[in-house]
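Trainee: Whole structure, please, built from the sequences with the hints as guidance.
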Amino acid sequence: MANVVPANQKWWTGGKSPFNVEYGKLMMWYFLMSDAFTFGAFLISYGTVRFSSNSWPDPNYVFRSFPVIGEMDIPLAFVSLMTFILIMSSVTMVLAVAAGHANDKKGVIKWMLWTILGGLAFLGCQAWEWTHLYHQGAWWGRNPFDNIDGTAASTNFTNFFFTITGFHGFHVFSGVIINIIMLIMTIKGVFERRGHYLMIEKAGLYWHFVDLVWVFVFTCFYLL
Amino acid sequence: MENTHHTGGHAAAHAEEHSFDKKAIWRTFWILLIITIVELVLAILHFSTGFPPKLLLNGTFIILTLAKAFYIIAEFMHLRHEIRNMIMTIAVPALLFIWFIAAFLWDGDSYRNLRNRYDPYHKEQSMPKKAPEHEGAKPGELH
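Chains as they are written, first to last, in my numbering: chain A, 833 to 1056; chain B, 105 to 247.
Derived from the structure by calculation, the hints contain no laboratory data.
Please note that a few of the clues may not be correct.
Claimed, not checked - Listed next, the in silico PhoX-like pairs over lysine-lysine satisfying Cα-Cα at most 20 Å (straight line):
{"#": "1", "chain 1": "A", "residue 1": "Lys1020", "chain 2": "A", "residue 2": "Lys937"}
{"#": "2", "chain 1": "A", "residue 1": "Lys942", "chain 2": "A", "residue 2": "Lys1020"}
{"#": "3", "chain 1": "A", "residue 1": "Lys937", "chain 2": "B", "residue 2": "Lys126"}
{"#": "4", "chain 1": "A", "residue 1": "Lys942", "chain 2": "B", "residue 2": "Lys126"}
{"#": "5", "chain 1": "A", "residue 1": "Lys942", "chain 2": "B", "residue 2": "Lys127"}
{"#": "6", "chain 1": "A", "residue 1": "Lys842", "chain 2": "A", "residue 2": "Lys938"}
{"#": "7", "chain 1": "B", "residue 1": "Lys126", "chain 2": "A", "residue 2": "Lys938"}
Mentor: And the structure:
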């Protein structure tokens, strides 16, 4: 559970840091809070529109393709691979943070490289998925997929899909850029001279948040 | 506040004495992976047999998603190991989501019901016809 604080410790009498956390890290948490509400607003508006529709396309039918192999009998295989990639890159990010705690520069470089690679792999998968859907005729304002009950679907499905996965993809993209900057700063020894790797932790928080949002996007668009 | 730290940032870095536990990281990874696989298996099972009824299935998905979110926030983002007061400044505002979700989904549902009641043309257009019209290429098929 939470940090064990001695019973007689008076955190709020002044002269102490009551949250025992660095300013930048705390502000990163509050930024992520606000970002969570932005994503929340997107996903909830999607839910509202879906609840107001009599029917909706079937994700198991829409997302059934896999690169090279083509259409498979197993739905959602490709998007599961994307989920796996993102979870894996989250793990390598934690390992980079852990290496930073131990002031292990080589470890930080190694795990940051893997994290960046994972992020790029995810973006590549998403680019393929978008391209494939585009060739099927799906885009903002166009929806070739019928509803699950056979009636014609509105464009709400594709509009929300491309907007929300696009917004998430943009977050992944900026996360990769941030991670690359952190990698360069690590290699140049900036954090080594500073004596701590707290910047890696802040970049890590952002990266995990991107993974967290994907968990919800995955559920809302592909499973429900 | 700053002058209580003897060597600035370095002290801050070591103020958090809890070191990262590699075992805990990998345990979290396996938990997330297994939950995702379970979700996938349930989705495929429903797709091919229709066995878990849709409502039950969706409830399961939401619970599993919240479980995954908990593990990412608590372990990967390390929030579980921060001071309780700080956890509360994050967790309490997040409770707004409960109202947010309930209110808006309710609103969407109400809009659908009202529209079906007062706009018979819309209802007729969005309800399944007796016989499917298209038999050739399936929509969304590549040509």
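Trainee: Taking the hints in turn, state whether each one holds.
Mentor: Hints and how they fare:
| no. | hint | verdict |
| --- | --- | --- |
| 1 | Lys1020/A to Lys937/A | holds, 10 Å |
| 2 | Lys942/A to Lys1020/A | holds, 14 Å |
| 3 | Lys937/A to Lys126/B | holds, 17 Å |
| 4 | Lys942/A to Lys126/B | holds, 16 Å |
| 5 | Lys942/A to Lys127/B | holds, 19 Å |
| 6 | Lys842/A to Lys938/A | violated, 39 Å |
| 7 | Lys126/B to Lys938/A | holds, 17 Å |
Violation of the numbered hints given earlier is confined to hint 6; every other hint is satisfied by the structure.
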